[in-house]
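Quick one: dock chain against chain with the hints and give me the complex.
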Amino acid sequence: MEVIRHLFWLLVFPGFLFTVILGLYACWIVRKVTALIHHRIGPPVLQPLYDVLKLLGKETLIPEAANKTVFISAPVVGFASVLLLSILLWAVDFSPANENGMFLGDVIVAIYLMVIPSLALILGSSASGSPHAAIGTAREIKLVTSYELVLVMAFIVVLIKAMTFHGISDAQNDIQLLSLSAITQYQHTPIMSISGFLAFLAALLCVQAKLGFTPFDIPEAETEIAGGVLIEYSGALLALWKMMQAIMLVALPLFLVVLFMGGIGTSFGSIALGTGKYVLVLVLLILIKNTNPRMRIDQAVKFFWFYCGPVMAIAIVLAMLGKFYGKWWL
Amino acid sequence: MKKKFKLPILATGPVHPLQEEMEFFQLYVDGETVVDIDVRLSYNHRGIEKISESLQFDQVPFLVSRICGICSASHPLAYVQAVEEIAGIIPPERALYVRTIINELERIHSHILWVGLAGHFIGYETVFMWAWKYREPVLDMLEKITGNRNNYGNVKIGGCREDLPEGIEEEIYPILDQIEKKMDMLTKAVLDDPILHARLKGVGVLKKEDAVNYAVTGPTARASGIPIDVRRDDPYAAYDLVDWNVCVQEEGDVFAKVVVRLLEVFEAIKIIRQALAKLPKGPITTEVKEIPPGEAIGRAEAPRGETFHYVRSEGGNTPARHKARAPSYVNVPSFKASCIGEKISDVLITLAAVDPCYSCTERLGVVAPRSGKVIYDFDMLLQLSREKTTRIRKGL
Numbered sequence: 000m001e002v003i004r005h006l007f008w009l010l011v012f013p014g015f016l017f018t019v020i021l022g023l024y025a026c027w028i029v030r031k032v033t034a035l036i037h038h039r040i041g042p043p044v045l046q047p048l049y050d051v052l053k054l055l056g057k058e059t060l061i062p063e064a065a066n067k068t069v070f071i072s073a074p075v076v077g078f079a080s081v082l083l084l085s086i087l088l089w090a091v092d093f094s095p096a097n098e099n100g101m102f103l104g105d106v107i108v109a110i111y112l113m114v115i116p117s118l119a120l121i122l123g124s125s126a127s128g129s130p131h132a133a134i135g136t137a138r139e140i141k142l143v144t145s146y147e148l149v150l151v152m153a154f155i156v157v158l159i160k161a162m163t164f165h166g167i168s169d170a171q172n173d174i175q176l177l178s179l180s181a182i183t184q185y186q187h188t189p190i191m192s193i194s195g196f197l198a199f200l201a202a203l204l205c206v207q208a209k210l211g212f213t214p215f216d217i218p219e220a221e222t223e224i225a226g227g228v229l230i231e232y233s234g235a236l237l238a239l240w241k242m243m244q245a246i247m248l249v250a251l252p253l254f255l256v257v258l259f260m261g262g263i264g265t266s267f268g269s270i271a272l273g274t275g276k277y278v279l280v281l282v283l284l285i286l287i288k289n290t291n292p293r294m295r296i297d298q299a300v301k302f303f304w305f306y307c308g309p310v311m312a313i314a315i316v317l318a319m320l321g322k323f324y325g326k327w328w329l
Numbered sequence: 000m001k002k003k004f005k006l007p008i009l010a011t012g013p014v015h016p017l018q019e020e021m022e023f024f025q026l027y028v029d030g031e032t033v034v035d036i037d038v039r040l041s042y043n044h045r046g047i048e049k050i051s052e053s054l055q056f057d058q059v060p061f062l063v064s065r066i067c068g069i070c071s072a073s074h075p076l077a078y079v080q081a082v083e084e085i086a087g088i089i090p091p092e093r094a095l096y097v098r099t100i101i102n103e104l105e106r107i108h109s110h111i112l113w114v115g116l117a118g119h120f121i122g123y124e125t126v127f128m129w130a131w132k133y134r135e136p137v138l139d140m141l142e143k144i145t146g147n148r149n150n151y152g153n154v155k156i157g158g159c160r161e162d163l164p165e166g167i168e169e170e171i172y173p174i175l176d177q178i179e180k181k182m183d184m185l186t187k188a189v190l191d192d193p194i195l196h197a198r199l200k201g202v203g204v205l206k207k208e209d210a211v212n213y214a215v216t217g218p219t220a221r222a223s224g225i226p227i228d229v230r231r232d233d234p235y236a237a238y239d240l241v242d243w244n245v246c247v248q249e250e251g252d253v254f255a256k257v258v259v260r261l262l263e264v265f266e267a268i269k270i271i272r273q274a275l276a277k278l279p280k281g282p283i284t285t286e287v288k289e290i291p292p293g294e295a296i297g298r299a300e301a302p303r304g305e306t307f308h309y310v311r312s313e314g315g316n317t318p319a320r321h322k323a324r325a326p327s328y329v330n331v332p333s334f335k336a337s338c339i340g341e342k343i344s345d346v347l348i349t350l351a352a353v354d355p356c357y358s359c360t361e362r363l364g365v366v367a368p369r370s371g372k373v374i375y376d377f378d379m380l381l382q383l384s385r386e387k388t389t390r391i392r393k394g395l
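Protein chains in written order, with numbering that gives the first Met the number 0: chain A, 0 to 329; chain B, 0 to 395.
This is chain B alone, in the form it adopts within the complex (with noise of 0.2 Å):
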């Protein structure tokens, strides 16, 4: 231990041109290899399960559509699924399918955006602007569909806010086919380049075991070829009235994650023409009387990985707890597996592979003003935790 602090700090952060958000990474650096990495985030905590609590139950899917810009269609479901196996609501089937539709549309518009990052990190601008122009028209339909390019607030409890608009099928399958030819070229030619896989191939391996210890999900788990997601899993909305793939790699290097995600674009691609086909008639919502007391969890397969949302009622207009824990959660310790023995310009894209996304992530962290210094470390979060507890258990 005490050699460690020997060594130089290489700081990544707080404010870095590696990502846009808030977040520290101490890279404990022997020339350019990496020996150990420090994660320190908790610069950007927002309370959103605090705020929640003091929402009535059909305004929280508007707060939690927030608490990630990219993932705000999968917050709200997971939420608002939880909140529906409290209540014991079946949504429409119609619904459902127009739930599974703007997750994939989503999930591609997420995948895209990553592959342009990834780009950018390793000084491929050019990779970074075009993939940000694949995924333009992609955005535009989420605003002709939800009325927002982000932040869509189109799930609601037992539906949906609002049904798909008159003709939009039309619109659809002709940009579905652009992207899936833009892709296909940006796969290809992702899949070719000599230099690509000279800075990717076998860079951050995440071995399998590794990968079930620290229980990491989404295409981070499936590139380390573990075979996990929710949408087949524990199947919502209308994902198991659908033909699709899971798409695995087996090598868990930063290639791999690439090679899923753009898998996945193409998978979504078809999740999403066999939905629009498949859409049933009918009405998109069902009445809602009141949250009955209980508790639930709910499940949904973001972009970045499994989002899971806890909602407790106490029979009040008002959640008593909820608790969301995005898939950066998980993700961000895996770096401890995937990132010592690295050298530095690898660090930092496999850093950069999970996907992370802080804000959503972000736990309290309690420190010291000037100095900086941790005041309440995890055990100590902990304990409080444990003696809060026992407090509420005795009133009760």
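In isolation and in its complexed conformation, chain A is listed as follows (with noise of 0.2 Å):
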């Protein structure tokens, strides 16, 4: 029973269908307000079901150039990661309290879990012999190097917080504070400060680029390198791909809700208001997305590098002040 119980909680819910369903439809959203932005109707509920099973049943080509084995695993192995790092997000948020599903450090994991996307995307493009992926790979590589210090300075500033909360100040419970659980029972809004705030608003724009939404499409960039990365990708494979962007679409906001604004909860009211919390940071995605042109791709570097970069290290500081004198809005 235990085994049934265990393959359930990952297949079926809340793993593999209830995540890819809920992306799916998260996918909808961006396109359905993506379109009334634009005046647009936009498409039905299901397209973005009907895109993926056509993908399936289409031939998958692969180019001649290619690598096989990487070709292909690129796809499965940032598809699984997607996939655990969502698994991981449910179980903190249905069970925070839950100790045999979560273990010390697991916010250590989840950031490795949100780069291996990025890092199967540039070893599938890479391997597929395209010069426009080439040029897509080399843009991914610059983009993952560029955001992944700002957000990893973000969650600095969130386990500060989560440790000005309660007070603890022995390396024990230090600690236990990289459970992203423990963050979860601790601290209840980082974001209702300053230095919270302002790490919500990096750690959303790092979100931005790992989504690949404008103005961080760099490495896509359909009118420049016609789909860079994925532009030898087809039918099943592509499918694969699209369902982790999907999953993506689920598991990044809802990460962010997870460290900065409580999570979601699981009674009935803290649902609702968890989903709200939800739709804000898409919504706030969307926004970005559609009133930004697409940057180049120094610019980018630049961007997170010379801005983001400083003003992480400011939120820093002031969150470590406001640690030291106690004072919750710092």
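None of these hints come from the bench; they were simulated from the model.
Heads up, a few of these hints could be off.
As the list claims (entries may be wrong) - Now the in silico label distances, taken between C-beta atoms and shown as ranges: (1) K57(A) <-> R369(B): 23 to 33 Å; (2) Q46(A) <-> D139(B): 28 to 38 Å; (3) I89(B) <-> L286(A): 56 to 66 Å; (4) L148(A) <-> Q25(B): 32 to 42 Å; (5) Y49(A) <-> D232(B): 51 to 61 Å; (6) Y49(A) <-> I296(B): 51 to 61 Å; (7) E165(B) <-> T274(A): 54 to 64 Å; (8) L6(A) <-> E135(B): 47 to 57 Å; (9) D191(B) <-> G308(A): 18 to 28 Å; (10) A271(A) <-> P173(B): 39 to 49 Å.
Said to hold, decoys possible - No more than 27 Å apart at the CA atoms, straight line, and that leaves these computed lysine-lysine pairs for DSSO-like: (11) K301(A) <-> K200(B); (12) K301(A) <-> K342(B); (13) K132(B) <-> K180(B); (14) K141(A) <-> K342(B); (15) K200(B) <-> K141(A); (16) K31(A) <-> K181(B).
Said to hold, decoys possible - Taking beta-carbon pairs under 7 Å as the criterion, some of the chain A residues facing chain B (in silico): (17) H37; (18) H38; (19) P130; (20) T213; (21) E221; (22) T222; (23) E223; (24) A225; (25) N289; (26) N291; (27) P292; (28) R293; (29) R295; (30) Q298.
Virtual Cβ for every residue (Gly too), placed ideally from N, Cα, C.
This is the structure we're talking about:
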């Protein structure tokens, strides 16, 4: 029974099936809201599902110049890592106090799992042997190196905030703070403080870049390099990438909600409120997507390193001051 | 030369999401920097000039309006002006005003279309959708006036085919007000957006001397500080009877091209308002008997630049020779001057910034079926052309 329960948890709810369906629904929200901003009607609810099903039925072409093993395994690896990330987040969210589901240091694991899709994209596209993909790969590498540091700095702010809330100072508990469930349990809403708000904004932009939304859709840039990293993918493999992106559309905003807004929770009221938080983050992402042109890659790197980086450093200092003087709003 | 081929080629075309037409830019890239560019066209050659020689004089305007879907008022106008010059026909004044109004409506919709496309090229889909929405009323108005949203077919030798519908002024004025308001908003949004500045300013600069050397026309030239405009320099239709300005920017970058086009929309609105106010009563066409032998050129300022038509008549029913040159023909080669040394992202917006129209520009190209190797290059085609001219001269 235990095995079946775990399998159900992994494959149906809230694992694979639930997350994919939710991701495709989030995909539809993105497309619909975008359409409304554009004065268009937009697609029907099931359109993202139709797209994936249609892609699954199409021929999968593998270019002659490609390294087949890497080319095929990259989307699988990316998809698996994102799925794992979402399961981790759901577990944190639905039962933060559950001891056996959680372990120390899972923030670090989550950060790793969030990098893997980008790495898989880099691997897969560089294995495809197309010059367009090569340029897309170079851009993706530059983009990852530029936003990853800012994202980690934003996490550090959250960790400091969590310590502030409970006045924890001994080393044992500090380490415990690297657990996502501990963060959700300890602190409430770091976004209400100055440093937390700055960190949220920076993390939001990093998530924008991770999702490949404008202004950071530089590696895909269809009018420049015709889809870049994904140009050689077709059929089922492309469907896997699309599903991976759909799940990221759930997992990454959810991650922000868990870290900055106190998570979703399990009671009826908190689920309604938590859905509201998630939709708020999603709509913010969509608004940024639709009110900006695509940046050039050097501009994106400069933006993250020379604007977001110093701001995050200031936010960390503010959070430390807040902890030192016991002021929650700093 | 040998080193060039070791560099990776980024193939932008023949089918590429950048533009809907067939075009092929081979970008030789070193990392993200474009070190050389090779433009290959002739995917969509339609032999318009040859077809034109088999049509009667009054059928040709319908053909040449299909050279370009967007410049479908300028091409017939240039052709008609050439024929009118051969035959010494002076169209009635009302026809001149009607031609002006249609041409300026065309300019408005073409420039708004381009602004939208430019937004699309740099990933700003909202500008794309909004601009095209603002363009709709202009197309509706053109449909009301001429019966078609594009390919108006309203101009004919000796005047216009159809007069403006009764009471159309009351409908045009509010639409002009509406467009002016919306474009005012869009212009301010574009001119104030810091990310647009970062993406467009100082990008793909076409220096003034390069612009002169490549003989570019239209907004491309005016954005490089060359104040040329056929409407002012060689006035046709009613352009010398209304008051308007030539919009010039000095920078030569993509941003300057955006600004020139946006400002020209306002100038076009101004011209239409004046033309409607001054519209004289009277006939819209004169009778045309026959076209005597002779040759002439006709020029018109299309939204993209100068449209040039040469017509030769030998006294028959059909033009003996008809030559059309679309503005993109001179604007496209300027990529050599403006794109080299830029980043890939910048090059692609620079390619789009001259508002190129490939099927209008197409010239004959002879390539081997499989390998795509060029069989007749420029010099050989020139040689063939000279030999043919010699043969014809002997026969005369």
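For each hint, the structure was consulted:
{"no.": "1", "hint": "K57(A) <-> R369(B): 23 to 33 Å", "in the structure": "holds (28 Å)"}
{"no.": "2", "hint": "Q46(A) <-> D139(B): 28 to 38 Å", "in the structure": "holds (30 Å)"}
{"no.": "3", "hint": "I89(B) <-> L286(A): 56 to 66 Å", "in the structure": "holds (58 Å)"}
{"no.": "4", "hint": "L148(A) <-> Q25(B): 32 to 42 Å", "in the structure": "holds (37 Å)"}
{"no.": "5", "hint": "Y49(A) <-> D232(B): 51 to 61 Å", "in the structure": "holds (56 Å)"}
{"no.": "6", "hint": "Y49(A) <-> I296(B): 51 to 61 Å", "in the structure": "holds (55 Å)"}
{"no.": "7", "hint": "E165(B) <-> T274(A): 54 to 64 Å", "in the structure": "holds (58 Å)"}
{"no.": "8", "hint": "L6(A) <-> E135(B): 47 to 57 Å", "in the structure": "holds (55 Å)"}
{"no.": "9", "hint": "D191(B) <-> G308(A): 18 to 28 Å", "in the structure": "holds (26 Å)"}
{"no.": "10", "hint": "A271(A) <-> P173(B): 39 to 49 Å", "in the structure": "holds (47 Å)"}
{"no.": "11", "hint": "K301(A) <-> K200(B)", "in the structure": "holds (17 Å)"}
{"no.": "12", "hint": "K301(A) <-> K342(B)", "in the structure": "holds (16 Å)"}
{"no.": "13", "hint": "K132(B) <-> K180(B)", "in the structure": "holds (14 Å)"}
{"no.": "14", "hint": "K141(A) <-> K342(B)", "in the structure": "holds (15 Å)"}
{"no.": "15", "hint": "K200(B) <-> K141(A)", "in the structure": "holds (23 Å)"}
{"no.": "16", "hint": "K31(A) <-> K181(B)", "in the structure": "holds (24 Å)"}
{"no.": "17", "hint": "H37", "in the structure": "holds (4 Å)"}
{"no.": "18", "hint": "H38", "in the structure": "holds (5 Å)"}
{"no.": "19", "hint": "P130", "in the structure": "holds (5 Å)"}
{"no.": "20", "hint": "T213", "in the structure": "holds (5 Å)"}
{"no.": "21", "hint": "E221", "in the structure": "holds (5 Å)"}
{"no.": "22", "hint": "T222", "in the structure": "holds (5 Å)"}
{"no.": "23", "hint": "E223", "in the structure": "holds (5 Å)"}
{"no.": "24", "hint": "A225", "in the structure": "holds (5 Å)"}
{"no.": "25", "hint": "N289", "in the structure": "holds (5 Å)"}
{"no.": "26", "hint": "N291", "in the structure": "holds (6 Å)"}
{"no.": "27", "hint": "P292", "in the structure": "holds (4 Å)"}
{"no.": "28", "hint": "R293", "in the structure": "holds (3 Å)"}
{"no.": "29", "hint": "R295", "in the structure": "holds (5 Å)"}
{"no.": "30", "hint": "Q298", "in the structure": "holds (6 Å)"}
When the structure is compared with the earlier hints, no violation turns up for any of them.
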